[in-house]
Amino acid sequence: MTAHIGKPLDRVDGPLKVTGQAQYAGEFAVPGLTYGVAVNSTLAKGRILALDVDAAKAVPGVVDVLSHLNRPRMAAYDESYTDMDSADGAPFRPLFNDRVLYSGQPLALVVAETFEAARYAATLVGVRYAQEPHQTDIHRQAPHDAPAELPKPRGDADEAFARAAVKVEAAYSSPVEHHNPMEPHASTVVYQPDGGLTIYDKTQSAVNTLEFVSHIFGLADGDARVLSPFVGGAFGSGLRPQYQVVLAVMAALHLKRSVRVTLTRQQMFTFGHRPQTLQRLKLGADQKGHLEAVIHEVLGETSRFEDFTEHVAEWSGALYHCDNVRLAYQLAALDVYTPLDMRAPGAVLGIYALECALDELAVATGVDPVQLRIDNFSPVNQNEGKPYSSKQLLACYQQGAERFGWSQRNPQPRSMREGHQLIGWGMASGAWEAMLMPASAKATLAIDGSLVVASATADIGTGTYTVMTQIAGETLGLPMDKVTFKLGDTSLPKAPLEGGSFTVSSVGTAVQQACQALIKTLLETAQKDDDSPLAGATPDDVECVDGCLRLKADPARSLTFTDIVRQSGSPSLEAQADAKPEAERDKYATGSHAAVFVEVKVDEALGTVQVSRVVSAIAAGRVVNPKTAENQILGGVVWGIGMALQEETQLDHHLGRFMNHSLAEYHIPVQADIQDLQVIFVEEHDRIVNPLGSKGVGEIGIVGVAAAIANAVYHATGKRVRDLPITLDKLL
Amino acid sequence: MSATSPTAGAGLPAAHSISLTLNGQPRRLEVQPWTTLLDLLREQLQLTGSKKGCDHGQCGACTVLVNGKRINACLSLAVMQDGAEITTVEGLAEDGRLHPLQQAFIERDAFQCGYCTSGQLCSAVGLANEGRAHSRDEIRELMSGNLCRCGAYTNILAAIEDALPACREGGRS
Amino acid sequence: MTPFAYARARQVDEALALRAGHPEARFIAGGTNLLDLMKENVARPGMLIDITGLPLHDVETTADGGLRIGALVSNADLAYHPEVERRYPLLAQAILAGASPQLRNMASTGGNLLQRTRCYYFYDAGVPCNKREPGSGCPARDGLNRIHAILGASDQCIAVHPSDMCVALAALEATVEVAGPAGRRVIDFADFHRLPGDQPQRDNTLEDDELIVAITLPARGFARHHAYLKVRDRASYAFALVSVAAALEREADGRIAEARLALGGVAHKPWRDPRAEDLLRGQPCNAESFGRAADALLQGAQGFAHNDFKIELARRAIVRALEQAASQEGTP
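Chains as they are written, first to last, in full-length UniProt numbering: chain A, 1 to 732; chain B, 1 to 173; chain C, 1 to 332.
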């Protein structure tokens with residue numbers, strides 16, 4: 001058998017990436033290419049009174065300056081600007097009119113024959129504003145209820161909290177964060193001689209980009225094609241088409257020329273971000289720590305034009321058993337861009353607060369933090385009133401604790417030290433949804449026996465190319481090098497957004513089903529010949545081994561794929577599958593889970609924190625590729641370290657502007673911050689979640705990490721810092 | 001006064017002619033004074049392996065080797081590289097054979113999205129040439145000029161540890 | 001980035017002559033900060049004079065046993081120079097605590113002195129800044145000032161100098177040799193950088209038409225007792241919130257014979273106060289004497305809200321650095 005699933009195989013796109021041959025959206029060479037550089041607003045709210053573009057246009061090489069005054073026709077209605085990840089409200093329309101909605105908003109696009117000319121000319125565009133008062137401070141804006149469907153309250157949480165023997169009540173805050181993938185957002189729009197557009201875009205869904213720009217600019221089917229073969233990281237920033245693709249398409253249509261727009265790193269802070277949150281947790285428990293009341297109130301930030309919502313509080317009603325739960329979610333609308341899904345959106349925030357509060361409960365009750373969580377384990381998602389299809393969280397606690405050496409922990413804070421360093425151990429649980437989306441894939445077998453499988457999904461570094469190749473190769477019994485997976489192209493069968501950790505499950509299922517359908521096609525083709533060795537066999541009777549279709553019961557009755565394709569008279573045989581979630585799934589709650597154990601070293605005098613050791617035990621169903629999956633979890637842990645200790649986009653409320661908009665001042669972890677990280681994949685079998693039994697690993701690795709670090713910092717220092725990030729000034 | 005010969009441009013300061021060796025090939029190029037080495041590579045020579053992650057020396061994605069030393073190509077003017085020997089990620093493999101670091105990066109899965117990878121590789125070659133990293137912590141510190149937002153640091157470290165002995169033996173740049 | 005002309009100079013006089021004929025010109029060597037600022041439209045020179053070909057690449061021992069460092073020696077070459085490693089390890093440590101290996105390979109010794117502040121407002125041409133546009137205002141005073149000065153600030157500017165190397169050079173009492181149209185002159189390190197006062201646009205006392213040609217270290221290198229302690233928001237590749245260069249010489253009985261103390265990340269220049277060092281001389285090495293020196297060095301320190309913590313942090317860092325310097329020989 002050719003078994004690929006479960007094997008730690010090297011990435012199939014590895015050789016391209018290590019030789020610099022993988023091409024990203026802003027890297028496609030086009031004859032006669034022009035370069036667009038955006039001019040961004042310097043104030044947060046107002047109107048544009050005048051744009052002075054004369055000096056810019058006088059720069060040699062400048063082709064034009066586009067703005068709301070001279071742009072080509074664009075759709076007016078909000079509906080045309082919605083996309084596959086839209087929030088409620090009126091989506092942002094770049095260069096639409098004279099309104100300034102946030103600081104950093106693109107107001108004009110300078111297009112020139114060279115990048116340098118466009119960059120220079122952009123500095124010469126003068127903007128005269130009518131300034132209006134802005135508000136960017138979440139503390140100074142009256143909130144409104146979020147348009148989100150929260151689980152209904154169950155029991156009477158306030159009453160149960162009031163009479164609980166042990167109470168924890170605490171407020172937690174988290175700052176604005178920006179995705180900052182290494183590749184800035186970029187789009188290269190190739191203007192074809194027939195007026196058609198080929199758009200290379202940095203996106204988590206080529207389909208999303210195509211539909212979006214088609215609606216805005218009134219493009220007909222076939223007028224444009226979007227390609228996105230490689231994406232230099234996204235983490236959610238590519239879930240919505242960003243303004244660079246609108247500007248690039250706009251300029252290409254206006255000028256009838258090819259245009260590239262690449263955002264600067266500074267401009268990467270001028271669209272969506274993880275919203276700032278203020279959270280209040282109330283936990284009531286008996287003396288042994290059994291939860292009797294959970295109240296979780298969330299205030300998130302949003303823009304004036306859209307209500308961004310995510311699942312922040314839900315987790316507090318799902319992760320543990322509790323019969324009295326009340327969840328609340330409000331938004332404060334500010335003069336900023338709409339927040340945007342960012343790695344494990346919502347969960348990473350809500351579970352941070354919940355898991356810190358649980359640590360406070362462990363301290364209050366004297367129950368070990370792991371035991372407390374075991375005691376409150378729930379095999380049922382009480383929000384939904386459904387059992388989990390699988391939830392090997394107890395195994396995560398057990399295996400993680402064992403690897404970490406948790407049993408050696410002295411619960412007393414400040415009980416371990418090494419010279420100037422206080423050492424602390426902390427832990428937390430993590431959770432994420434295991435979703436399944438409709439997806440399509442096509443499998444094509446050529447006469448030489450090679451297989452091409454295709455779906456318009458994306459690989460943002462997650463390993464989609466590799467994992468889909470494994471699934472297809474295994475299903476058709478082919479070695480990896482006989483299989484090619486194609487993605488990131490709107491001419492391919494539709495796929496959902498690449499996000500939410502549902503790509504392996506959704507697209508993987510489609511790939512598997514397309515390959516199974518292809519087997520059926522092969523069998524039917526083979527059986528057209530009355531003398532076929534496979535005559536009379538059903539699909540269940542056959543298997544694919546080494547490029548042959550053969551009878552399970554009698555392997556000698558076999559045909560090569562090549563023979564079957566030749567017999568068909570076509571150069572290839574193909575099959576497509578449109579996979580959908582099965583009804584059986586509706587009876588269950590589905591999710592991935594984690595237990596994260598952290599050791600920190602805190603300099604007692606200087607407040608600096610080093611995360612010296614992390615063990616992350618993950619239950620995410622079947623792991624298709626342990627090598628790429630482990631990498632995902634490691635990355636999630638690094639993100640958790642950044643979230644806990646470093647990341648914060650700072651807003652100057654006088655100016656209404658993010659100010660640390662660079663990679664020098666917006667800190668993300670560097671190599672020296674990362675010490676010993678270990679990942680355990682706990683065995684978890686799940687036939688319900690999808691036919692592959694796989695739950696996805698893109699998000700689960702980050703969830704819980706910040707809380708585990710905060711809890712470890714408390715254990716080290718005795719200080720409970722409830723405001724992220726835990727920078728050294730908060731520990732002095 | 002100037003070692004290069006300016007040529008006339010329309011209303012803008014003059015372009016300059018430079019010679020350099022790029023991935024082993026001698027090249028003679030006309031460059032504007034304000035074109036960075038990185039923009040020269042990416043936009044004019046279509047060598048897009050060197051990446052632009054920040055354009056300000058704050059991420060390391062543009063790291064290339066100049067005369068065997070690692071630098072940030074985004075903060076270097078092309079016109080100032082006259083006479084230099086430059087190696088980019090496209091020049092690391094020899095005769096179709098991957099550099100030991102490239103091979104180790106694949107085997108250790110030392111990347112995800114791949115956008116920082118070229119810079120990590122060139123930086124690691126520079127690190128090997130410098131000969132200053134003798135422990136894990138020293139590699140960590142001396143590779144901290146290369147951000148990886150995917151967070152593949154653990155695997156990057158492992159790959160470099162694996163490949164350093166072969167780099168020393170090979171003495172390749 | 002504004003277009004500019006480019007010229008190359010081979011000799012110091014040639015560079016100075018070019019500069020004299022082009023008031024719009026700036027010198028460029030490593031370019032790591034200048035190009036950074038030009039891309040942000042903060043610096044807009046009309047011409048760059050490439051001085052990398054000037055014969056200023058040598059490190060030589062001086063007649064009185066000091067070390068003369070050519071202005072074009074790269075930060076990396078300087079940190080790893082055998083004489084610096086052996087005799088001035090404090091300087092090597094400070095250099096290696098800054099930037100990244102790539103930047104250290106590019107940046108020159110002279111250029112390191114001329115680094116400009118990392119103040120967010122200075123770097124963002126879309127907002128006011130007195131240093132960038134005199135008279136436009138200082139949003140940092142009432143804005144985001146976590147990374148700003150606690151010493152020597154003015155109403156007009158609360159920015160800090162970002163260099164690590166300069167903190168060590170201040171402690172080591174280096175001198176700066178500059179060449180200008182009127183010939184050469186030597187500036188004491190303490191007088192090279194300046195406080196913002198009412199001219200925050202001026203970082204230092206170098207005249208526009210002058211060129212740094214060398215940095216000279218006196219013979220005394222504090223190789224036995226020294227420490228460079230850098231406190232920052234991540235383990236590497238970040239600017240200092242507070243840094244301390246501490247250097248001691250000790251008597252046979254352990255008392256302090258000579259002391260040097262300089263702070264980075266707290267002022268518009270490396271912060272040094274001889275009175276703090278005087279307090280250490282003749283004292284035993286203990287928390288008390290170190291604390292007194294720290295208090296003296298931080299006298300008059302004032303926060304602006306977000307950076308209030310730096311005062312206590314600096315005090316603790318000074319004590320820690322002095323402890324490290326006192327207790328350890330060679331590298332701390």
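Wrong hints could be hidden among the right ones.
[Unchecked claim] Below, simulated DSS-like cross-link-like pairs (lysine-lysine); rule was C-alpha separation at most 27 Å, straight line:
#1 A:K494 to A:K528
#2 A:K57 to C:K39
#3 C:K39 to B:K69
#4 A:K627 to A:K486
#5 A:K730 to A:K719
#6 A:K552 to A:K7
[As the list claims (entries may be wrong)] Pairwise CB distance ranges, derived in the manner of DEER restraints:
#7 A:D194 to C:R44: 53 to 59 Å
#8 C:R202 to A:E149: 57 to 63 Å
#9 C:E24 to A:D78: 30 to 36 Å
#10 B:H134 to A:G405: 24 to 30 Å
#11 C:E24 to B:E85: 54 to 60 Å
#12 C:Q11 to B:D137: 55 to 61 Å
#13 C:E24 to A:Y77: 37 to 43 Å
#14 A:E418 to B:H134: 22 to 28 Å
#15 C:G291 to A:A170: 32 to 38 Å
#16 B:E85 to A:R687: 44 to 50 Å
#17 B:G96 to A:P571: 50 to 56 Å
These are computed hints drawn from the structure, not numbers from a lab.
Only a predicted model underlies this, so the values are computations on that prediction, with no experimental measurement involved.
Glycine included, C-beta positions come from ideal geometry on N, C-alpha and C.
message = Tell me the hint numbers this structure goes against, listed in increasing order.
response = 1, 7, 9, 11, 12, 13, 16, 17
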